[in-house]
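Novice: Sequences listed follow chains B and E, in order.
When we follow the numbering used here, the leftmost residue of the first sequence carries the number 1, and every step to the right adds one.
When we follow the numbering used here, the leftmost residue of the second sequence carries the number 1, and every step to the right adds one.
I should point out that these hints are in silico values taken from the structure, not numbers from a laboratory.
Backbone N, C-alpha and C define an ideal beta-carbon position, used for all residues, glycine too.
Hints may contain errors.
Claimed, not checked - Covered stretches of chain B, going by a simulated chain E footprint (3 or more residues, C-beta under 8 angstroms):
id: 1; segment: 104-114
id: 2; segment: 169-175
Stated by the list, open to error - Label-pair restraints from in silico Cβ distances:
id: 3; chain 1: B; residue 1: ASN24; chain 2: E; residue 2: LEU72; range: 44 to 50 angstroms
id: 4; chain 1: B; residue 1: VAL8; chain 2: E; residue 2: VAL191; range: 37 to 43 angstroms
id: 5; chain 1: B; residue 1: GLU6; chain 2: E; residue 2: LEU130; range: 27 to 33 angstroms
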Amino acid sequence: MTVVLEAVHVAVGRAEKIVLSDVNLAVERGERIALVGANGCGKTTLLRAFGGLDEVLGGTVRWQGGLPRGPARVRTLGMLFQAELPSRFDVRELVTLGLGLDAPPAASARCQVENALGWADLAHLADRSCALLSGGEAQRTLLARALVANPKLLLLDEPTNHLDPRRQAVLLGRLDRLRGSVAVVLATHDLALAAACDRVALLHAGRVAAAGTPADVLTPANLATAMGVRIRRLDDPDGGPPFLRVMPARDGERAA
Amino acid sequence: MRAPCVIVLLVLGCMVVAAAALSLGPAGWRAPWALDDVLLELRAPRVLLAAIVGASLALAGAVMQTLLHNDLADPYLLGVSGGASAGAVASLALWPALPPGPAAALGAAGAVTAVRSVARGPHDPTRLVLAGVAVGSLLAGATGLVLVLAPADRLLRSATYWLFGGLGTPHWPALILPLVLLLSVAAWMRVRAERLDRLALGQDVAASLGVDVVRLRREALAASVALTAAAVAVGGLVGFVGLIAPHAARRSVGDGHRRFVLVAALAGATLVMAADAIARVAFAPREVPVGLVTAALGGPFFLWQLERGAR
């Protein structure tokens, strides 16, 4: 498989203070990886470093073919931020901005934008001002913008934020359709979403505490230690991702 | 309302206001097509200067709002008004025979240079605003001290007139530099519209969409300050225009710079032309500073916009 992004002994932080160190992760083409951990463990900071927005404080991040700067960047990398400034663009305009500065010729650009709007079920809202959208509609607009240029890698920070359960399920299905072609690294608190990824990296105490398949990483012991939660796992009889019931960990479990 | 309708309405409004501003004056009513000396040598350059100042402040405000990600930013925010006031008052006190405009422009540019240095570059909007407020307050305090301690009443009068905006009696050549700057910055904004659209979404988003944010922010700061300094040099401190014109433009046609920049420029030009006409005739034969009229017109308009937005 082709490695689209590789982190080797990466250390990241804010204002020179290291939040996370010795991160080793290879993201292969088309696979989906979840970064999971408690608040402040460095998920967003790591995503920003993967996106080339922040310098790493140690180690190296390698992108396949190098991370292009400038207009071509959006065809390599699409990003979804956890919080974004409000704007008065209409939905179609905001999605179009994701095409980058050397947007393809008008007809194919329009086609890409309409495809992205359809992907996020936004066709009926295309002419609405973003200032008038609900939280979930705004989130879907930003998701559509992140993938409108058909990037090879998507970095998504809390992609299910503001989405109702139906929309979360739909998003999961849509991300499944990208499997095999677009690599996705997502930061999430949603353990069900993490369980539906190919691999999970559990961040705790300034390092990657566990990495591997969801079954190996999202264990009660790991989650109690890293996130202070107790889970009950219910397997889907239809073969889908497992249901995870989440409760606060007891003191003894957390210490373990 | 759709952008083309807004633009057509504004162009019509701008033409009507320009015609009214040409017709009205302390020397009485004149038809705008009566091409006599009063119209060609006194009113026409003044009306055109009002339009240039209004459009310049509107565009400078639009760029500043994008740069600082703040709809309430205005072109004077980064210490420009404090620097311009200090420069103008120093000029009026030391060289009363000279027009204060050039010293005001220098003061504005100097103040922004100081702000940029204190904020360690144009990259952190919060640091820029805080540094601007601090430097601007220091300079405004120094200006006030000079005015209070200065012995000549005439200095106080002329400084007050300038500090509230006064277009004076411009000659045609005085319009060339501000007009060239206005057209240059408008052309720059047109060329950079796609990048400015992305910068309006935040630095990180813009960078993730391929914009060279550092370079764009440098260019934007230089464009806004140059335009403001030129407007201040010829028209004094005309308040409110750089805040409400781009703000109203964004509200009516959205954030796309290609559209809203034209709307903001037309709105700014129309507002200052109308305010200047009122300033010339409302208390004739005395003339009041145009900045007082823009504040009187702009304040209620801004409140109405806020009220409309709140609903």
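Novice: 27 to 33 angstroms was suggested as the range; check whether the CB atoms of GLU6 of chain B and LEU130 of chain E agree with it.
Specialist: With a Cβ separation near 40 angstroms, GLU6 of chain B and LEU130 of chain E fall outside 27 to 33 angstroms, so the hint is violated.
Novice: Just tell me: holds or violated, for the beta carbon distance of ASN24 of chain B and LEU72 of chain E against 44 to 50 angstroms?
Specialist: 46 angstroms, holds
Novice: Does the segment 169-175 of chain B contain three or more residues whose Cβ lies closer than 8 angstroms to a Cβ of chain E?
Specialist: violated (count 0)
Novice: Check the following: the C-beta atoms of VAL8 of chain B and VAL191 of chain E are separated by a distance inside 37 to 43 angstroms.
Specialist: Because 40 angstroms falls inside the window, the suggested range holds.
Novice: Counting residues of the segment 104-114 of chain B that have a beta-carbon nearer than 8 angstroms to any beta-carbon of chain E, does the count reach 3?
Specialist: Our answer is that it is violated, as 0 residues pass the Cβ test (under 8 angstroms) against chain E, missing three.
Checked against the numbered hints given earlier, the structure breaks hints 1, 2, 5 and satisfies all the rest.
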